[in-house]
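**Student:** The primary structure of each chain is shown beneath.
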Amino acid sequence: MSLKRFATDGRLVVPCALAIITLIYLVDALQLGPPMRNGNMTPSFFPIVISVVTLAALAVAIAQAYRSLCRPSESEEAEPQGVSSKAIVVALITAAYLFAFDLIGYVISTLAYVFLMTLVFGGRQGLIAKLVGTVIITALGFALFELVFNVRLPTLWSQ
Amino acid sequence: MDVLGSMLHGFAMLAQPEVLLYMVGGFLIGTFFGAVPGLTSLLAIALLLPLTYSLDVTVALVACASIFMAGMCSGSITATTINIPGAPSSMMTAIEGYPMQQRGEGAKALGHAALGSMIGGSIGALLLMVVAPVAAEFALLIRTPGKFALIAFALIVIIISQRGSITKGMIATLFGVMIATIGIDVMQPVARFTFGSATLVQGIDIMPLVIGAFAISELLVQADSRGKHTVDLDQVKATKVRRRDFIPPLSEVREIGLFRYLKSAAIGYAVGTLPGAGGSMAAFVSYAEAMRSSKHPERYGKGNPEGIAAAECANNSMCGGAFVPMLTFGIPGDPTTAIVLGVLVINGLQPGPEFIANQLDLVAPMFAALFVSALILIPLTLYLLGPYFLKIVSIRRDFLYSSIAVVALVGSYVATYSTFQMGLSLVFGVLAYFMRKQKYPTVCLLLGFVLGPSLEEYCRRAMSISDGNPAIFFTSPDSLFFLVLTAVFFYFMVIRKPKDRGLGTPPAG
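Heads up: the sequence lines are chains B and L, in that order.
For the record, in the first sequence the residue sitting at position 96 is 96 according to our numbering, with numbers rising by one throughout.
For the record, in the second sequence the residue sitting at position 169 is 169 according to our numbering, with numbers rising by one throughout.
Treat the hints with care, since some could be wrong.
Partial chain L-side listing against chain B, Cβ under 7 Å, derived [what the hints assert, rightly or not]:
no., residue
1, 11
2, 137
3, 184
4, 185
5, 190
6, 223
7, 354
8, 391
9, 394
10, 395
11, 419
12, 420
13, 434
14, 457
15, 466
16, 467
Once the Cα atoms are required to be at most 27 Å apart in a straight line, the calculated DSS-like pairs of lysine-lysine come out as [to be verified]:
no., chain 1, residue 1, chain 2, residue 2
17, L, 263, L, 295
18, B, 86, L, 439
19, B, 4, B, 86
20, L, 391, L, 439
21, L, 302, B, 4
I should point out that these hints are in silico values taken from the structure, not numbers from a laboratory.
Each residue gets a CB set at the ideal place from its N, CA and C atoms; glycine is no exception.
In isolation and in its complexed conformation, chain L is listed as follows (with noise of 0.2 Å):
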């Protein structure tokens, strides 16, 4: 009842004009850069991380999950219309709305992209405000060695979940755990890594890392795209849509079937609570298995709507999934919750099984922002804005860039009101462009920043409980859970390795 009713009142804060605003808002701003080619939800998400200082922590919440449904859907526009995806999570959705386009079916095929992305954002939203409070109870019973275990097997499945970079994904890791034990030790009053500067005593926030990694580095990708992602304006120009032809015909939605919205929105939730994993793996799963299951797999890769609306469908569910481990075992698993994460972590709040418990009416306007995006706003907002979407990629580049530099820097300045942290977000900016460069995936130096403290803290703690035997990681059933689970995840991803039948493999995010 308490959990019904914190849900109800997350949903009548939305209706406060302040709330609603910024939930409004970061829907059209996620829509913006999840359509632009090259910049993505997380960026838009890593650049509000700094305005967070300033913001009611349910109104910054608010904000993330509706720029984080918005640029799962909105990566659709682009692939559709001009073959490149907006997100790499709508690269399955380009495979099937750009033939569709050819055939002059481009805004039939946005609508069944907005169709599949409004059906499985919505039961993503539904499975998580039901999930999270089930699984934060179950969190409860996990102890000292199991936490450890639980981190280590999320730290490595976002390892090995690189597929083809496991090496590289695994040193971004160790990185990003390195640059977490900068400062005061997890468990003594000893200073590390400080090099003598006082600054650096009290650690590296995670704020600077984010707008290094996610938004300089991008600012520096982008000079150095050599005419990547160059959009023919012709193309867009002579692309003419109307309201009405976004609406996809009833008898092509009975023939994709409410079984294959679920089933999709099902493997996205899934995948979603995966560490690593992201909209791109889910859609590409949700996709292959959608192909492999279809009684006209021949028309896939022809422009067909099934495919979209189970690739839609997949990376919008995949929202939900993705905060039930960030919410209620503090284990963010991908880059948008991990940024989540960081916004409850600046309003000095822990997720864990207890914040779920004692502090569900602060989280639960977010459940409602990310059910009512999906349900109302991704439809809402194609029927009003979709024949002005095409226009957004012909934006000027070196404003777009310039006013991303501005926010992104004095944004990092908003922490401490200091060049400081400015200067680590560009120290970070420049690491990670040439991590990015050499394909280190810089999204695995963000999880393991934000798991590394916890993963030392538990694993001491432990061996503490046990007089240093570490015999305690394997006589404890919930760790032994945990590494089983590792040895089984380990063997199916890496020993033996999942077939792509001939998609080719899933980018990563």
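Chain B extracted, bound-state conformation (with noise of 0.2 Å):
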């Protein structure tokens, strides 16, 4: 078992990350102040005992994907664990419709955004089936927040 392959294995780095996030959480609860005071729990008591149960249950989880790392039977036939690149495309595309959404309002963030999850999803075929798919899911999109709930959607001038 290469040291790349722990480095990069979900099983390992999901539990690892979740215990970095959990340690920056406790080290702002002991900021808070003491656990307790004149017998009466204070607000940091409560994120303490959770975040040390959290570092220990994840302890557990982490000593346990080690394990069926080292396991070479296991490891060989495990589902490959790494995150496909489409679904970090779709992480990347929606958070730049997020800013786009802010910047130049809903409509032509919308109609790019959809146009490129389309894209994704059903691949380069029938670019024009696709342009109106795309057209047709904004305006109902519009329709059902502007129109049917009332929802002031921002727009490029409203900026």
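Take the two lone chains, each set in its own frame, and fit them into one complex as the hints suggest.
**Tutor:** Structural data, given as structure tokens:
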């Protein structure tokens, strides 16, 4: 088992990442003050207890993941644990959409977002149909929120 | 008399055009989401949550109820016809339904599924109407230490019901509790875990967590699915169904027997009241019990309508049971009722013993919608739209997921008219995606988030009452009762694990 495999396998990476988040949380909880004052629990008591228990559970999960990675038969037969490029692309497109939504409003950002999403989920075939579908989805979204539910969506000119 | 009057008022409310429209619309949406493999009624309700800011609470609750009932039933469509359960709760239906489809009896299998769902759903809704007010009376007797012990019991049962991944269930639950602690402390005006952000002082709303954990993460999972849930369109086109084929023969219904339906409904309802159990567990337990007590157990797994009836009756009856702990104790037993709790909280309502006593008129239409959805809409939808059901699975994935993405993200914007909520949804979506990839149950994340603040509040209140003496949890009779109950559940679910009789492990949800 190579070091690279350990460092990239989700079975180990995910609990380690969660442990780091929990540690940051615990440090912040400790900065809130002592857990008990005059026999009463303070705002830091519960977060400290929760984060310590979470860290203990994560230690068990990390140990289990480590053991399963060290077993050659299991680690070879197991499904690939990496992240697909499509999922990363969807996350990045979505992040860009949120930025654009605030900046240029609903219509243009949603048209671009929906079109890119149709490319990710359906490939590059039938671009005309995708364009028509994109316009329809954007229009229906606008109708649903703006007209049916009276939500004021941002526009390019309202920024 | 008041209870009866409220229930009748609830049925009368369904006759209002707007409420009726949302009930029927919700049912059709639930049917669609339940029938498409990979989508669930939970996702449909999650997408509905942001819209409830603009909806009347009664209308929103009615829509949630009909989506819930429809989603439980419609998973059987693809489970039977193409052997891909539309929802996890339909896995047992696939075991019996698909062999029937292979011998040309697919429509009849769907008819049995609809009949079982209709009976189970109706009984579950009726039991809810009867039991909820009584349970609320009982809940009034529970005092602060008991409330803490009850919530702790619920969280522990949710964790230990994640068979095979209790550690991961525990981590996910605790993460949900941790997220819930962000913002102002539950007892004192102290801001916690804001990391210098003024926006986080008011805490994290349930909405971005629901959208992130159940909609955004689903998009990422689907993008990552690598051919999972691939539907054979030729097989879909080759399946021809006539309406009259949906009606199950009376002889087969008689053979299944009224007692089987009633027993399965009772099992489903009881399972529904347990935290963390859900429709899959209800169908699994009922199916296993039907096989155990059947006169012809050898017929199971080869296309036996009795197995379909038992599974579908139980998972639809579960819908009624799941609402009892949420409405009477404020403890949601499954993610759907957790989101319904979110609908109530968004509208400034807090479920609990007093809620049923004072606001029964508000939730009675939801009870009525569960009943009407089960008794009328399930058979009616199957009869009218049944021949077209299969076309649902051939819908284009690119348009489907793009639409879901827009509704989910713009829906997140609705709550505060701020892209911060949308950003939070994305953050939680990515977190939930990685957790799901490694089989950390996101249902636990949500339930931990929902129950965490109450757990902390009652714990600190109880300790304050006892001047910091934790013995109060053992000297208070109601608290002791729930602690003993926790120990009993732990013994039977972890130490002495239930045998699954070769049926495998029920899926989560």
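**Student:** Taking the hints in turn, state whether each one holds.
**Tutor:** A quick look at each hint next to the structure:
1. For residue 11 (chain L), the interface hint is violated, the least distance from its beta-carbon to any beta-carbon of chain B being 26 Å, above 7 Å.
2. Checking residue 137 (chain L) against chain B by beta carbon gives a least distance of about 31 Å; that is not within 7 Å, so the hint is violated.
3. Taken as an interface hint, residue 184 (chain L) does not check out: its beta carbon lies about 9 Å from the nearest beta carbon of chain B, beyond 7 Å.
4. Below 7 Å, beta-carbon pairs count as interface contacts, and residue 185 (chain L) has one with chain B at about 4 Å; its hint therefore holds.
5. A distance limit of 7 Å between C-beta atoms decides the matter here; for residue 190 (chain L) the minimum to chain B is near 5 Å, and the interface restraint holds.
6. Interface restraint check for residue 223 (chain L): the shortest CB-CB distance to chain B comes to about 4 Å, inside 7 Å, so the restraint holds.
7. Given hint, residue 354 (chain L) at the interface with chain B, is violated; its Cβ is 25 Å from that chain's nearest Cβ, farther than 7 Å.
8. Among the interface hints, the one on residue 391 (chain L) is violated; its C-beta lies about 17 Å from the nearest C-beta in chain B, farther than the 7 Å criterion.
9. Hint status for residue 394 (chain L) relative to chain B: violated, with the closest Cβ pair at about 13 Å, above 7 Å.
10. Here the hint on residue 395 (chain L) is broken, as its CB sits about 11 Å from the closest CB of chain B, past 7 Å.
11. The criterion of a C-beta within 7 Å of any C-beta in chain B is met by residue 419 (chain L), whose closest approach is roughly 4 Å, and the hint holds.
12. A hinted interface residue such as residue 420 (chain L) counts as satisfied when its beta carbon comes closer than 7 Å to some beta carbon of chain B; here the least separation is about 9 Å, so the hint is violated.
13. Given the 7 Å rule on beta carbons, the hint for residue 434 (chain L) holds: about 5 Å separates it from the nearest Cβ of chain B.
14. Below 7 Å, beta-carbon pairs count as interface contacts, and residue 457 (chain L) has none with chain B, the closest being about 9 Å; its hint is therefore violated.
15. A hinted interface residue such as residue 466 (chain L) counts as satisfied when its beta carbon comes closer than 7 Å to some beta carbon of chain B; here the least separation is about 9 Å, so the hint is violated.
16. For residue 467 (chain L), the interface hint holds, the least distance from its beta-carbon to any beta-carbon of chain B being 5 Å, beneath 7 Å.
17. Under the criterion of a C-alpha separation no larger than 27 Å, the hint pairing residue 263 (chain L) with residue 295 (chain L) is consistent with the structure, at around 15 Å.
18. Proximity of residue 86 (chain B) to residue 439 (chain L) is assessed by CA-CA distance (about 20 Å); at most 27 Å being required, the pair is judged to hold.
19. The hinted pair formed by residue 4 (chain B) and residue 86 (chain B) meets the criterion: a straight-line CA distance of about 22 Å does not exceed 27 Å.
20. Restraint check for residue 391 (chain L) and residue 439 (chain L): the C-alpha separation of about 31 Å exceeds 27 Å, so the hint is violated.
21. Restraint check: the Cα-Cα separation between residue 302 (chain L) and residue 4 (chain B) comes to about 47 Å, which exceeds 27 Å; the hinted pair is violated.
In this structure, the earlier hints numbered 1, 2, 3, 7, 8, 9, 10, 12, 14, 15, 20, 21 are contradicted, and the remaining ones agree with it.
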